[in-house]
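The sequence shown begins at 25 in this note's numbering and counts up one residue at a time.
Possibly wrong hints are sitting among the right ones.
Claimed, not checked - Cβ pair distances, simulated, as ranges:
(1) Lys257 - Lys299: 19 to 27 Å
(2) Tyr129 - Lys104: 30 to 38 Å
(3) Ser177 - Asn48: 47 to 55 Å
(4) Thr61 - Glu94: 33 to 41 Å
(5) Gln95 - Val234: 28 to 36 Å
Stated by the list, open to error - Straight-line alpha carbon distances no greater than 27 Å define the calculated DSSO-like cross-link-like pairs of lysine-lysine that follow:
(6) Lys264 - Lys277
(7) Lys148 - Lys228
(8) Lys264 - Lys131
(9) Lys104 - Lys145
(10) Lys228 - Lys264
(11) Lys110 - Lys59
Hints in this document: simulated from the structure, not taken from any laboratory. Every residue, glycine too, gets a C-beta built ideally from N, C-alpha and C.
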Amino acid sequence: MAQMTSVITVGLSGAWDITCRGRNVDWGLHEYIDKQTICPAGKALNVSRALAWMGQKSIAARLWGKDDYEQMRKAVRAFKGHIKIKMTAVAGSTRRNITIVNTTYGKDMHLRDRSELASAKALKRLQADLGAIVHRGSVCVFAGTMPKGDLLSDVIRMIEFCKSRGARIVLDTSGPALREIVRTGAVWLVKPNVEELCELLEEKIKDEPVPLAGSGRGLLDRVEIVLVSRGKKGSVVVTKEGAWKARASGREKVLSTVGCGDYLLAGFLIGLMDKTDVAGALTTATQVATAKALGLTENKSWPQAKRQIRIEADPL
Numbered sequence: 025m026a027q028m029t030s031v032i033t034v035g036l037s038g039a040w041d042i043t044c045r046g047r048n049v050d051w052g053l054h055e056y057i058d059k060q061t062i063c064p065a066g067k068a069l070n071v072s073r074a075l076a077w078m079g080q081k082s083i084a085a086r087l088w089g090k091d092d093y094e095q096m097r098k099a100v101r102a103f104k105g106h107i108k109i110k111m112t113a114v115a116g117s118t119r120r121n122i123t124i125v126n127t128t129y130g131k132d133m134h135l136r137d138r139s140e141l142a143s144a145k146a147l148k149r150l151q152a153d154l155g156a157i158v159h160r161g162s163v164c165v166f167a168g169t170m171p172k173g174d175l176l177s178d179v180i181r182m183i184e185f186c187k188s189r190g191a192r193i194v195l196d197t198s199g200p201a202l203r204e205i206v207r208t209g210a211v212w213l214v215k216p217n218v219e220e221l222c223e224l225l226e227e228k229i230k231d232e233p234v235p236l237a238g239s240g241r242g243l244l245d246r247v248e249i250v251l252v253s254r255g256k257k258g259s260v261v262v263t264k265e266g267a268w269k270a271r272a273s274g275r276e277k278v279l280s281t282v283g284c285g286d287y288l289l290a291g292f293l294i295g296l297m298d299k300t301d302v303a304g305a306l307t308t309a310t311q312v313a314t315a316k317a318l319g320l321t322e323n324k325s326w327p328q329a330k331r332q333i334r335i336e337a338d339p340l
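Between the sequences and the hints, there should be enough to build the whole structure, so can you do that?
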């Protein structure tokens with residue numbers, strides 16, 4: 025596999041993630057929470073955060089609201105130089121998403137706001153900014169919600185522009201945008217969850233490794249790698265060389281599945297960099313996603329977490 029010279033994460037709908045954790049969370053109550061975290065996020069930046077946790081540098085390029093741009097820069101400094109900020113500041117405020125976690129019962133709720141930062145002018149500026157940092161060997165991860173209509177056409181042109189400069193394109197989005205972008209043939213790796221894979225292929229697919237792999241093979245005329253996230257059930261990867269499944273073997277308590285798909289993708293890219301072997305990369309990816317689900321990314325290093333997690337991986 026060709027060398028990856030840089031990983032550039034590109035998001036069009038950045039967000040602040042506000043997570044509140046409590047033991048007695050229910051409707052109608054007025055309770056103190058046990059913990060609150062506020063951090064710049066969005067799927068693309070989550071991938072950069074995951075890479076930083078594993079010690080891998082990346083470039084974060086996306087739209088971000090001018091009103092809270094400096095606040096975001098201060099927050100990202102916590103990653104000690106692993107994330108290089110190359111964001112395009114546009115008028116307005118960045119949305120805020122809220123996650124509420126009941127730690128007693130292991131349940132959570134995700135409340136998402138709509139992003140309104142994308143415009144034809146903003147996307148044109150973002151593409152110009154990408155032109156200065158995307159080169160042959162770059163991997164551009166386009167992740168998160170994409171705009172609709174004419175603005176989606178602008179995004180597709182941006183993706184094709186990055187590919188024309190020698191970058192490989194990774195896609196993690198949903199809905200009509202997922203289908204439209206995959207149809208262009210510009211994508212190297214696509215990472216749907218099971219529901220998104222069903223949407224992409226417009227068919228019902230049983231959430232089992234063999235059916236998922238069979239359906240994933242139907243995309244290999246347009247993409248090289250299909251990485252399917254299955255939540256607590258693990259993951260599946262499909263290429264022309266074969267298909268593999270993986271899942272964690274332990275029964276530890278899952279704290280939250282928020283962001284696990286982003287960590288799966290980051291881990292897969294790290295695995296390819298380290299091993300250039302798809303099966304090995306899937307094992308690494310599933311370890312990283314499991315670490316996120318168990319909350320190990322908050323208080324342990326990647327080497328420490330890796331030693332705690334056992335993965336069962338097999339060919340299909």
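What hints, given by number in increasing order, does this structure fail?
4, 5, 6, 7, 8, 9 and 11
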